[in-house]
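Enquirer: This is what each chain is made of:
Number of protein chains: 2
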Amino acid sequence: MNNQRVVIIGAGFAGISAARTFAGTSVDVLLLDRHNYHTFLPLLHQVATCELEPEHIVCPIRKLLKAQPNVQFATNEVKRVDFVSQVIETNNCLIPYDYLILACGSTSQFFGIPGVYEHCFPLKNLENSVNLRNQIIYCFELAQEEADFSRRQELLTFTIVGGGATGVELAGELAELIYGTLVNDYPAIDFRRVRVVLLQAGDKLLPEMPLHLSVYAKRQLQKMGVEVKVASRVTKVMENAVYWEDSHFKNSQTIPCQTVIWTAGVCGNPVAKKWGLVTDNNGKVTVLPTLQVPEYPQVYIVGDLAAPQHEQFPMLAPVAIQQGTTATNNILRQIKGKNPQPMRYQHQGSMVIIGRHAAVANLFGKVNLTGFVAWLLWLFVHLACLPSTRNRFHVLLNWVWSYFSCDRSVRLILPLHPTNQSKPAPQGTTEDGKRVEIN
Amino acid sequence: MNNQRVVIIGAGFAGISAARTFAGTSVDVLLLDRHNYHTFLPLLHQVATCELEPEHIVCPIRKLLKAQPNVQFATNEVKRVDFVSQVIETNNCLIPYDYLILACGSTSQFFGIPGVYEHCFPLKNLENSVNLRNQIIYCFELAQEEADFSRRQELLTFTIVGGGATGVELAGELAELIYGTLVNDYPAIDFRRVRVVLLQAGDKLLPEMPLHLSVYAKRQLQKMGVEVKVASRVTKVMENAVYWEDSHFKNSQTIPCQTVIWTAGVCGNPVAKKWGLVTDNNGKVTVLPTLQVPEYPQVYIVGDLAAPQHEQFPMLAPVAIQQGTTATNNILRQIKGKNPQPMRYQHQGSMVIIGRHAAVANLFGKVNLTGFVAWLLWLFVHLACLPSTRNRFHVLLNWVWSYFSCDRSVRLILPLHPTNQSKPAPQGTTEDGKRVEIN
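Protein sequences appear in the order of chains R and H.
Heads up: the first sequence is residues 1 to 439, going by full-length UniProt numbering.
Heads up: the second sequence is residues 1 to 439, going by full-length UniProt numbering.
None of these hints come from the bench; they were simulated from the model.
Misleading hints may appear alongside valid ones.
Taking CB as the label site, the calculated pair distances span [as the list claims (entries may be wrong)]: (1) H:Arg151 with R:Leu397: 40 to 46 Å; (2) H:Val183 with R:Arg219: 41 to 47 Å; (3) R:Leu397 with H:Asn184: 51 to 57 Å; (4) H:Val183 with R:Glu311: 44 to 50 Å; (5) H:Asp190 with R:Gly337: 17 to 23 Å; (6) R:Arg219 with H:Pro96: 18 to 24 Å; (7) R:His310 with H:Arg192: 52 to 58 Å; (8) R:Val84 with H:Arg392: 54 to 60 Å; (9) R:Asn70 with H:Ser252: 44 to 50 Å.
Source: prediction; values computed, not measured.
Even glycine gets a Cβ: it sits at the ideal position worked out from N, Cα and C.
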């Protein structure tokens with residue numbers, strides 16, 4: 001009898017976790033991703049704020065799977081999946097499968113707000129974070145030369161939309177970059193005029209955290225120079241301004257700015273719907289508690305794309321990793337003729353870094369930490385979870401360096417060529433300085 | 001009396017050296033470069049061969065000049081220089097100068113050989129090296145999936161044209177990458193079929209070195225698996241083949257390959273001629289021994305762009321650095337009413353790394369070293385010359401890591417968006433895998 005063939009689409013946390021769980025089995029596994037590297041997404045904001053090199057939060061997928069001869073990898077873009085005939089169509093071939101794990105992740109959600117797609121910088125992948133880094137430095141380079149007052153003010157105003165973990169972490173890091181490092185680079189700029197604004201539609205930051213942690217996060221950000229506006233809903237974004245209204249008083253306001261960063265919403269990768277799966281309002285695929293698609297019991301959905309019935313999991317790396325393991329174990333059970341088992345999620349908690357010596361952590365839903373201890377824990381956990389030892393050494397070196405020197409050294413304008421087409425088109429800059437939309 | 005204003009165009013070795021020599025003087029200096037970073041060019045080949053991250057061989061220019069309040073920097077593209085009215089025209093403004101230092105460097109020279117510009121990968125700047133890295137890894141990704149034998153062979157053949165320092169270093173590093181690291185990544189590829197070919201038009205490699213060092217370099221490369229062909233002149237390059245003839249027997253031969261790397265020639269940046277300066281056959285500006293342009297005594301040419309009368313300097317970093325210092329000192333003398341002095345070049349030697357424990361070094365034109373000692377010296381000197389301590393730590397970490405693990409971890413396909421327009425257009429890849437010419 002031939003070995004069963006499992007195909008995994010997507011090499012994020014869930015896909016890699018699923019592939020690794022097949023180690024030592026007699027199943028033939030093929031992992032597909034459009035990139036040849038795995039990205040450690042929780043550190044994207046540190047790439048965007050000149051703290052880390054993009055190469056330090058990614059790892060070649062072939063390296064991650066070196067010890068597993070039964071797992072093959074191919075850099076390939078999946079065009080279509082035929083769930084009935086169990087065949088995947090890529091750029092250059094057709095791949096049949098016995099079992100399929102879909103781990104295509106999520107993408108930014110813009111809620112149809114005018115101008116968001118066209119003018120905002122998302123922060124969902126490596127290209128996004130490098131684009132954002134280039135944009136931030138570029139704004140300062142232009143502002144330094146700009147004679148017109150209001151145009152200079154636009155260049156020096158950075159608005160972050162979304163007060164969840166990504167928005168809070170980015171706001172803190174950005175404030176540190178600007179008021180800690182860039183202030184020494186641009187003597188001609190009056191840094192009292194540089195604004196970092198954080199707009200949150202809900203009534204508090206970090207809605208999933210206990211109230212006193214949200215309050216702590218807001219106070220810390222304000223101390224660092226961030227203008228935090230809660231209950232502030234964005235209504236429109238234009239090339240040089242963001243419009244928002246106060247949720248209580250409904251009065252409309254404007255912030256003139258060149259850089260609007262969108263961290264306010266996330267939805268499942270639209271390919272799932274395109275390929276014919278049933279998705280919820282959020283673009284996620286509704287699956288059984290075993291992570292199987294109801295119509296196709298040999299197809300599993302894991303990670304941000306999965307919406308298990310009657311359950312709501314946070315979009316966190318540990319969830320994706322546990323789902324990857326569950327899917328693999330269930331496939332192995334199916335191959336042996338046993339019934340797949342529902343996933344049992346163990347919530348380990350969540351943490352958000354705000355700045356130097358400042359973070360919040362909620363462990364196992366019970367223990368709450370703030371300040372120095374939470375900050376140390378955040379650093380330790382993220383270092384430990386990085387995909388390779390080599391990544392750990394370089395990231396640690398960067399952190400130690402910037403801690404003692406108060407300097408962020410990756411403040412380079414080094415545009416990446418975008419390769420990510422199914423996610424929202426990021427904005428970039430051309431070499432002659434014009435901002436362009438890349439389609 | 002107002003301070004004299006000096007403008008320096010180009011922040012390579014010569015430009016940075018000139019700017020730094022103005023430290024502590026009362027001259028107002030403006031340094032212009034199209035990038036906001038300085039590139040340590042001698043390590044480009046290690047970026048191209050997955051050994052170093054691109055960010056580790058560059059340094060923000062503002063950081064390099066932090067301690068010098070009299071030196072301003074602007075990221076700007078110079079469009080034109082009017083040497084008569086002493087005005088520089090950039091993208092967005094006119095900049096008058098009292099003294100000008102032109103340090104615009106060099107670019108690849110293609111000698112009008114058909115197809116070289118269109119199909120070869122140059123290795124003259126950071127974008128080039130990242131493009132080349134992506135291309136090398138991409139060829140292996142495609143070859144792994146390619147069923148057609150001859151097409152697979154084309155993908156797995158890498159031809160380097162030019163047996164000077166760049167060509168030899170790249171050939172050695174590429175052989176180490178392929179036969180040391182990639183061999184573990186691609187189990188489906190027969191690595192006995194992978195070819196690295198080095199074509200040198202002259203009769204020996206490293207023509208500027210003593211004969212026995214050239215012989216050593218050739219023997220080492222051959223041991224590492226590189227096919228070295230001397231007296232082999234390229235006559236044409238096509239998309240999937242390079243044509244060359246033996247200089248002695250004049251018989252024409254072909255190597256089918258997808259990747260041809262051009263390191264065979266260098267000429268002065270063409271902007272000098274475009275702006276009306278008198279250049280020699282090699283595009284370099286003929287200058288007085290004081291580095292002044294004969295027609296415009298307040299204009300200095302330094303680095304690869306300068307061709308001092310009656311003298312021939314190698315295109316090396318130490319030459320550029322000494323020329324930058326000379327130009328600055330001569331300007332300071334002119335301001336004080338003294339005569340500029342001719343440059344006195346002190347040759348410190350040159351070194352070429354070939355591979356692990358293998359290098360050649362010629363010190364002060366007298367002492368010749370090969371093997372382990374030369375290799376250690378090469379590493380030490382290049383580490384010491386890196387622009388910042390932080391660069392040194394990261395590069396050292398990478399070197400130590402890859403020495404002990406025999407692994408090159410930056411084997412990523414992470415396309416850079418090219419920003420360098422006045423240098424030859426590099427080739428890149430699009431996200432759907434087609435090679436494209438970027439104009």
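Enquirer: Regarding Val183 (chain H) and Arg219 (chain R), is the given constraint of 41 to 47 Å on their beta-carbon distance met?
Expert: 55 Å, violated
Enquirer: That 18 to 24 Å hint for Arg219 (chain R) and Pro96 (chain H) (C-beta), does it hold up?
Expert: With Cβ atoms ~50 Å apart, the hint is violated.
Enquirer: Within 17 to 23 Å: is that where the Cβ-Cβ distance between Asp190 (chain H) and Gly337 (chain R) falls?
Expert: 39 Å, violated
Enquirer: How does the Cβ-Cβ distance of Asn70 (chain R) and Ser252 (chain H) compare with 44 to 50 Å: does it lie in that range?
Expert: 48 Å, holds
Enquirer: Can you tell me whether the CB distance of Val84 (chain R) to Arg392 (chain H) sits inside 54 to 60 Å?
Expert: Because 58 Å falls inside the window, the suggested range holds.
Enquirer: Given a hinted range of 44 to 50 Å, is it respected by the beta-carbon distance of Val183 (chain H) and Glu311 (chain R)?
Expert: At roughly 45 Å between Cβ atoms, Glu311 (chain R) and Val183 (chain H) fall inside 44 to 50 Å, so the hint holds.
Enquirer: Between Arg151 (chain H) and Leu397 (chain R), does the beta-carbon spacing fit 40 to 46 Å?
Expert: 42 Å, holds
Enquirer: Okay, Leu397 (chain R) versus Asn184 (chain H) on CB: inside 51 to 57 Å?
Expert: 26 Å, violated
Enquirer: Given a hint of 52 to 58 Å, does the C-beta separation of His310 (chain R) and Arg192 (chain H) actually sit inside it?
Expert: Since His310 (chain R) and Arg192 (chain H) have Cβ atoms about 57 Å apart, the given range 52 to 58 Å holds.
Violation of the numbered hints given earlier is confined to hints 2, 3, 5, 6; the remaining hints are satisfied by the structure.
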